[in-house]
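Could you slot chain R onto chain P? The hints should help.
This is what each chain is made of:
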Amino acid sequence: MGWLFDPAHWSGSTGIPVRIVEHFTYTWLTLLIAAVIAVPLGAFVGHTGRGGFLIVGLTNGLRALPTLAVLIIVVLWAGIGDVPVYTALVLLAVPPIMAGTYAGIRAVEPSIVDAARGVGMHEGGVLLQVELPNALPLVFGGFRGAALQVVSTATIAAYVGAGGLGRFVFDGLAFQEYDQMLGGAVLVAVLAVLVDLVFVGLQKLTVSPGVVGAGSGGNR
Amino acid sequence: MIEFRAVTKRFEDGTIAVDELDLTVEAGTITVFVGPSGCGKTTSLRMVNRMIDPTSGTILVDGKDVLSVDPPTLRRGIGYVIQQAGLFPHRTVLDNVATVPLLSGWDRRRARTRAAELLETVGLPAEFGKRYPAQLSGGQQQRVGVARALAADPPVLLMDEPFSAVDPIVREGLQDELLRLQAEIGKTIVFVTHDIDEALKLGDKVAVMRTGGHLAQYAKPAELLSAPANDFVANFVGKDRGYRTLTFLSADVPVHEIDAVKVGDTVTSNSWKLVVDDTRRPLGWLSPVDGSVEVTADRLIAGGSLYDGGTLRSALDAALSSPSALGVTVDAEGAVVGVVHADDVLKALAAARAAGEVPS
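As given, the protein sequences belong to chains P and R, one line each in that order. Take any residue in the first sequence, count from 1 to its spot, add 6: that is its number in the working numbering. Take any residue in the second sequence, count from 1 to its spot, add 764: that is its number in the working numbering.
Possibly wrong hints are sitting among the right ones.
[Claimed, not checked] Quick list of in silico lysine to any residue cross-link-like pairs, SDA-like style, CA-CA up to 25 Å:
no.: 1; chain 1: R; residue 1: Lys951; chain 2: P; residue 2: Gln209
no.: 2; chain 1: R; residue 1: Lys1003; chain 2: R; residue 2: Ser801
no.: 3; chain 1: P; residue 1: Lys210; chain 2: R; residue 2: Gln899
no.: 4; chain 1: R; residue 1: Lys894; chain 2: P; residue 2: Val218
no.: 5; chain 1: R; residue 1: Lys894; chain 2: P; residue 2: Leu134
Derived by calculation from the structure, the hints in this document are not laboratory data.
Isolated chain P, as found in the complex (with noise of 0.2 Å):
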């Protein structure tokens, strides 16, 4: 531990605090284009009711790649940088989010899209305004596994040379300077967990306390 409180390590450019913004916008950034990937489309086969098995296909084959083998056949690729990085971690990403929204979608009761569609709705409305409210609670679900995973795997940007926590990780079993490995481990740990409080915040925000579940990501 007296690595991670060595003052000497929380400045500079490869410094501690630089890490962590780096490991946090690795994790946003893939958040944000998982989810205009995956919301929509769990959104809308959620919606329609067809396609459901495109769902479960898609989740289960990109559950069952390697990340760390996406990472690699992509900077074969396309080179070192930022592009293997996030396409394998939107990888990741998606799965989670895109079942959490399906299946929100899934369980809003029939009756309540049934008097959505009866009181003179349109379809996107019958979405935005009472599908997607009551699905909130099974969406931030999607989304806090999506982010558990993406915080934990982002460190194996530094394996192929890019930046982030995981640059401490792999450093330290390099050099053999298990402090910074364990340092870097424990980092990570507590950015996830930051993560997890943060969507649980927009949680707090965002889900009509009238929903069943609200503030607790359970289901109904």
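Coordinates of chain R only, in the frame set by chain P:
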């Protein structure tokens, strides 16, 4: 007014839900579609606001073919109440009620003001507006459902088994409330139920439907009871038809005087005495006594149902349920007016028959 003209609905699997339905729902009345499950009553209702489109035939609402209007626009002009209420869990009660006005482009303030008015109309306290549906009982949720359907003041209201998920006592209260409300608002209401008692109670006219989507009989409740069109209808309306017919007759039943006594009086009599309080409200009966006796609370025998001057059924029930066989009649304040005899009810029924008031 809603007109069904040769309306047929055949589902993709080939089942015929509604078969050549011809029926007119008069403006300002409650029409009940009743029948066993699979008779097409809900399908018929849902074709009115295009939740389902007919395979063939035409449905006109106030002369306009529903198929000529796009569904969301059509539905905003037709109130829709469903089983379990179908309230939006994430919205407050007030915002639930304001849904249709907001969809129709009202500004938020006006929509909420209107919603608050409607909560009052359906008998809910204003502070319920801030609650979420999950915090309400089933009966209260259903009232909110009715308020939501009425928010944009549509001329037509579709109610799909709205009260079947609440317990019987609450259901009866909601039915009374609906009749009271309807007397005020005079909407054209189509009401679907599988409960024949509910149908007979609420309907100005009742359409009895049978499996396969056939209309078995379309008539006023009294007529269904006294002159069922066929065995199916006769069986469906049940065994107590004769007794239930009395519900729809309000003939004059002679009211006889009765000796009323108060607690503390001393009486000598060999007939039943009605015991009343200071405002002449009935407390109970005193059975015939030998010699004289003081009226005390512990000697009282509880009375039967009260006849409020309404239907023959309530007069007969008052007489039958009373320990003295005398049905107590009360005025609007609940004070005793007199008593009715069961045989007078039967005479009144005979008179009504003779006068042709009972369809046969």
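Exercise. Given the hint that R:Lys1003 pairs with R:Ser801, test it: the Cα-Cα distance must not exceed 25 Å.
Key: 20 Å, holds
Practice problem: Given the hint that R:Lys894 pairs with P:Leu134, test it: the Cα-Cα distance must not exceed 25 Å. | Solution: Status holds; Cα separation ~22 Å.
Exercise. Please work out if R:Lys894 and P:Val218 have their alpha carbons no farther apart than 25 Å.
Key: 17 Å, holds
Quiz prompt | Restraint check for P:Lys210 with R:Gln899, where alpha carbons must lie at most 25 Å apart | solution = 19 Å, holds
Practice problem: Would you check the hint for R:Lys951 and P:Gln209, treating anything up to 25 Å between C-alpha atoms as holding? | Solution: At roughly 43 Å apart (the allowed maximum being 25 Å), P:Gln209 and R:Lys951 break the hint.
When the structure is compared with the earlier hints, a violation turns up for hint 1 alone.
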